[in-house]
Amino acid sequence: MTFKNTSSNPLPLGCLNACTLTNNGVNQLTPDLINTSITLDFQISGARLPAMTQSLFYHGILQMLWPTTHCNTNHIIACIKEGIQSCTNFTPTSPRLWWSLHSKTVSCQVHTFLWKNFHQALRCGHYWLHIPNYEHCTNCYICDDFKSIAHILLKCDISGQNIIWPLARELWLKKKLPWPTLSLGSIFGCVICDF
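All residue numbers for the sequence shown refer to the working numbering, where the first residue is 4 and numbers rise by one.
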């Protein structure tokens with residue numbers, strides 16, 4: 004790249020230096036590294052008040068106050084994913100599991116039962132441990148096992164499962180479907196499973 008002086012006056016010293024620097028930059032093989040970081044004085048965080056709306060404020064507050072999931076809830080979600088995966092070779096995402104609770108194929112009572120199980124909010128087992136004079140309710144009075152929802156649905160004979168599960172299996176096999184392995188995950192994930 005070259006610059007040509009069209010006037011009869013000689014170029015000032017600043018222009019000659021600029022021409023030299025320009026020619027050097029054009030003929031350079033590797034580009035210069037330019038510092039593009041912003042100094043802390045110019046890093047402004049927060050909201051520009053004139054640009055904010057009530058809706059944006061509301062969504063910002065919701066994100067700050069969004070509840071974290073409880074470790075017991077994460078454990079149940081993992082069990083449900085494992086149960087569904089063992090039956091169908093499909094592992095749903097956590098949001099998909101939560102949205103399955105709003106399925107139109109289950110009644111409101113089943114929805115409430117599943118939601119309480121997802122949160123371990125049923126009054127069995129651990130619920131009674133910290134209530135004075137009710138500690139005896141943590142164990143099954145027949146089996147003397149810890150009274151968890153898994154015990155009630157899958158192990159205990161008093162809840163009538165020796166009648167219900169064979170009848171459910173008989174009805175299931177009439178549909179010519181393979182009987183899944185019973186687990187908490189497969190029971191709680193029945194809404195999302197596609198057998």
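Note that these hints are calculated values from the structure, not bench results. Accuracy of the hints is not assured; some may be wrong.
Okay, the calculated beta carbon distance ranges per label pair [stated by the list, open to error]:
id, residue 1, residue 2, range
1, His78, Val194, 49 to 57 Å
2, Trp182, Thr76, 38 to 46 Å
3, Asp148, Cys74, 48 to 56 Å
4, Ala81, Ala171, 21 to 29 Å
5, Arg51, Arg126, 46 to 54 Å
6, Cys18, Pro53, 14 to 22 Å
7, Leu36, Thr76, 28 to 36 Å
8, Arg51, Thr72, 53 to 61 Å
As the structure is a prediction and not an experimental result, all values here were calculated from the model. Glycine included, each C-beta is placed from N, C-alpha and C at the ideal position.
message: Going through the numbered hints above, which ones does this structure break? Give me the numbers in ascending order.
response: The structure breaks hints 1, 2, 3, 6, 7 and 8; every other hint is satisfied.
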